[in-house]
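Asks: Residue-level listing of the chains:
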Amino acid sequence: MLAFIVRRVIAAFGILLAGTFIAYVLVALSGDPLQRLREDNSPGREERIASMTERLDLDTPVPLRYVKWLGGASQCVLPFLGKCDLGQSVRGQDVSSLLGNAMTSTLQLITVATITAAIIGVMVGIITALRQYSRLDYTATLASFLFVSLPLFWFAVLLKQYIAIDLNDWLADPAVSLPTAAIVGVVSGLVWASIIGGDRRRVWTSFAGAFVVSAGGLLVLAETGWFRSPGLGPIVVAVVGLAAAVGLTALLAGFRYRNVLYAALATAVAGIVANLALDSVLFNPSWGVLFLLLLLAVGIAVGIGYAIGGMQRRQAITTSVWVTIVMGTTIVADRMLTAWDNYFEFVDGRVIATFGSETPNYDGGTWGNLLDTVTHLALPTVALILVSVATYSRYTRASMLEVMNQDYVRTARSKGLTDRTVVVRHALRNGLIPITTLMAFDLAGLIGGAVITETVFGWQGMGFMFVDALRNVDPNPAMAFFLVTGIVAVLFNMLADIAYAYLDPRIRLG
Amino acid sequence: MTQPNQPSQPSSDDPFVDHRSMGAAGPDPLGLAEAAAGQVSSADRAHLGQLGTSAVGTEELLRVDNLSVDFPTDDGVVHAVRGVSYSLRSGEVLGIVGESGSGKSVSSMAVMGLLPRSARINGSISFRGESVLDMPPAVQRSLRGRKIAMIFQDPMTAMNPVHTVGDQLAEAVLSHELMPKRKAMARAEEALAMVGIPQPKQRLRNYPHEFSGGMRQRAMIAMAIINDPDVIIADEPTTALDVTVQAQILEKLVEVKDAIGAAIVLITHDLGVVAGMTHRVLVMYAGRAVEVGETDDIFYRTRMPYTAGLLGSIPGLDSESDGRLRPIHGSPPSLINLPSGCPFSPRCPLASELCRQEEPDLMATDVMGHVAACHHWQRLAEADDPTAFFRTESEVSK
Amino acid sequence: MSTPVDPRPVASAEAEGMAIVARTQAQLVRRRFFRHRLAMASLVVFMAVLLLSFSATGIGPIPGWWKHDYTTVATVVDGGRPTLSVVPTFLGGDGVHLGEHPFGQDNKGIDYFALTMRGTQISVMIAFIVGTLGSFIGVLIGAAAGFFRGWTETILMRFTDIIIIMPLLAICAVIANQAGNAGPFWLAVVISLFTWTGLARIVRGEFLSLREKEFVEAARAAGTPAWRIIRKHILPNTLGVILVSATLSLAGAVILETSLSFLGFGVKPPDTSLGRLISDYQSAFVTRPWLFIWPGVFIVTIALTVNFIGDGLRDAFDPRQNKVRS
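Chains as they are written, first to last, in this note's numbering: chain A, 1 to 510; chain B, 511 to 908; chain C, 909 to 1234.
Read the hints as simulated data drawn from the structure, not as lab findings. Some hints here could point you the wrong way.
To be verified - Label-pair ranges, simulated between beta-carbon atoms:
#: 1; chain 1: A; residue 1: Gly-365; chain 2: C; residue 2: Asp-1226; range: 39 to 45 Å
#: 2; chain 1: C; residue 1: Val-984; chain 2: A; residue 2: Ile-196; range: 54 to 60 Å
#: 3; chain 1: A; residue 1: Gly-365; chain 2: C; residue 2: Asn-1089; range: 48 to 54 Å
#: 4; chain 1: A; residue 1: Ile-119; chain 2: C; residue 2: Gly-1017; range: 20 to 26 Å
Said to hold, decoys possible - Sample of chain C residues lacking proximity to chain A, with all beta carbon distances greater than 10 Å (derived):
#: 5; residue: Phe-942
#: 6; residue: His-944
#: 7; residue: Val-953
#: 8; residue: Pro-990
#: 9; residue: Thr-1040
#: 10; residue: Arg-1066
#: 11; residue: Ser-1117
#: 12; residue: Leu-1147
Where a beta carbon is used, it is the ideal one built from N, C-alpha and C, also for glycine.
Whole structure, please, built from the sequences with the hints as guidance.
Replies: This is the structure in structure tokens:
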């Protein structure tokens, strides 16, 4: 295994070197930074040309310039070597400091987009594979074709100009009309009925249930003024926690052996109590404290699972940890929404942001700032993930269908395993292995998408920096972009390879 | 596991030795009467073949009546199984023989409840008198792997590559009985030892790809017997293996069957496998049973030309033909558009106008408890060597 | 489960020789494709879009049938509002007619239908060149790597890895920025220098598995030269994969080119393309949204129909459908 990783790392380094070299040459050839100065006839032209030549090292031949650039850049990648030096921009700024800020917001966008896309895409893929040729399957297929065919820049502008404005107008005066509630109810009913499936009676029951819950819930929420000042409160947290305990037990272990359910419920209760007991701590915690709390919560969940799990200890631990994660997310959302009123006022009711990655001069504490980030991420993320969601769902579906037809799934069923066990332990585990590779590949696409998304939504990220650099014939910032994306791509391909080898025991020796 | 680590029981009920000598003993008068009546209702056909096998138990474990399975496809409905009936008694080994596509696998998948949802199943399947098809899914599931277990053809693909052999074996136990993982692993170790895998404790931690083909098939057998099932369905268990390994696996299968007292349905296209192992044989063609009888009778008193053709295709089984092969020409019919009349008639050397118009039902023959679906079984009965009908032209001209 | 057997006798089909098998295979594929309703509908729509765009403004010296030119500046009528109406009078609309400027006019009074049609022409043309040239390079590299193996394979595949780690859009932007000045054709050529990587990997994979097949071994044993083995024995068997991939890459190329043009690195004035139009009139969005909507609708239509056609081809070549390719 170690030799395998070492070999991969060496190969990755080589690829990165060659990749940056090609990019460097192409960027150098893509335009002459002095062009504009030469056309300029104002006095002092010669000095400016000279200083620019000096600053960008234009007298050195390109390959040699690359080696010099690499010398500086390598200090950014390898720690403890010295000061990171990515050259200067045409305006004389240090590129490494420019990159620092830009990278944070872009990586934030990409990380959120990747995780969201993976969760949605894989879930849709699994459901459509299990409900092959259902109406839901056809709808998802058509939608994924549409998503792949939508030009990102066009869709992003539409989102920004229509959805954001409408949504903000609606949030300013959140009323839900009966027809709207009915439409939402019908859509939700159709989706749930397709997902749950079964015979005619069950389909109608699930349709009716989903319709009542969605449409009714929407009306009740609007009527009680929830949208005006949204929040969850400890009761919703408690309900979500208990529901997660039951649901996750059904999904991961089944109810045949009660101890798993008991462990999950105990974890949920512990979470509810902790939420109330830690009220003052959670009022405005630092990120470090939150992280420690999360670790503690996971530790407690493992302990509960271990203590109560009995014969199904492992399932109990897994289920408890998942319950903790769901509850933690709910509690964070709950706390984040406490900042809503304050934030709403600060941004004059235009909650869904369409420009930049944060509201200037806003400081609402941990939760307020989190809310600010979320509202700024919402639209760019939606725009960015469409293609990825489509790709993941199609790929997962195909992969799951292929696996479900394998002999070993038949063997698993012949052993008398429940459908749940067959799907979760045998099909899913094998079906999701190729997705790791796909996600690594898709990252490059997401970065490309980020270039467009940042341009449309005015994010001061790496993509924005790159486009700006290209327009101004500014080689060093453009190269910084390629360096970061190259490292990310190579790193994730490597991780995917290692994950693949880890998940598929047949490759381990190779 | 009744007797771990212990080799097969004494030869008293070893099918290789015993059942032939007892083959002709005490026929069931009721079955005989029905047989003599010629045409029999499909529900009772299966009984005719199993008369007098006193080596096997008397309890009827599995009974399949007039089973048919259809698959709707883009090109039309595939009639994979068209009215098959048989029964299986405790301790019995029943061979189901046929070419690929004859419906032998599909019928046993129907018994296991493993057919895809699109399959249309008719007829009845009962296990210990209870109708399997009418059971709620949960009850049907509790039967699978615990009472009726299955061994599949290709051991290379039948095991999940990402789980250890031990986990996959233990899972079979845990899905029916609650117990700590440790105990299930101990059961798995026992089962591996029983099928003759050396160092079973270490082997539990191996992944399937670290096993050889033969070892994997042994592990599959271990997986099938781990819950002491009453019936084992073995679907071409040796087809994908080397010839030398085949014999070992079959021997092991019989050995463990005797150890746990299970009955076996052995599905194969290889009459050679059937010859050594089974009490009775059911020959299938184009989704139907075309000949059912004692193993000896099938081999030495063949009453259906298709069976004769199969026998002629085995190298060196009978000396009279100088070891010359006598193949069946042509290929099995499309299960979407079956030919009218007997489905074997296009390939049959005995086919007459009657055969092309009317599909024969299983009917009693001159041999007791031996039924065949052929209008002309008498001609086979009169012939010295039934395979001679399939002589090639070169052989005839000689 | 032993699935029902193929009714066709396999042995005799093989005995009849490759030519006949190949033809029946092609017939099968064609039949399956034509049965794919969505793909057929998409083909019709795509052809209609092509016909409309190329006939309306003409190709090169041949004039089109549309009365306006895409360069002629005119007075802006009614704020440049579109005159196209599709709601019949009996439904309370203005009746079905095109009017003077069906898609409206831009701020200089140029007829927007003419502009959109010209943009469609350029975008489709670039997409075609990228689709075919990129696929050609991909097949060439993948085939060489998969067939010759050894050092050739190592070098070519490492090269592919290197290209793949650079975000396609970004690297294309770098070179298209210059190439765009040389006109749409060269822009297309340059883009296709970077779009071949996916197909190269796929073709290599196909070649690797095909070269181990018995019929290739037999050909090699008979002393058939390498290029002939590739041409006669391996390529025909990978045709489906290549065709499907090329079609899908055409749809990708439409999106890629319009994205580049949107960022300002693709098609440069005086030429226009659908992406360029959206980029140019983005700021006019609030006042005259049609200038933004129409080119987008055409991009989506082209990309969607081409994707459906590709899907239909895939189903036709590989009816199992659930195959996973990496």
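Asks: Which of the numbered hints above does this structure break?
Replies: 1, 4 and 10
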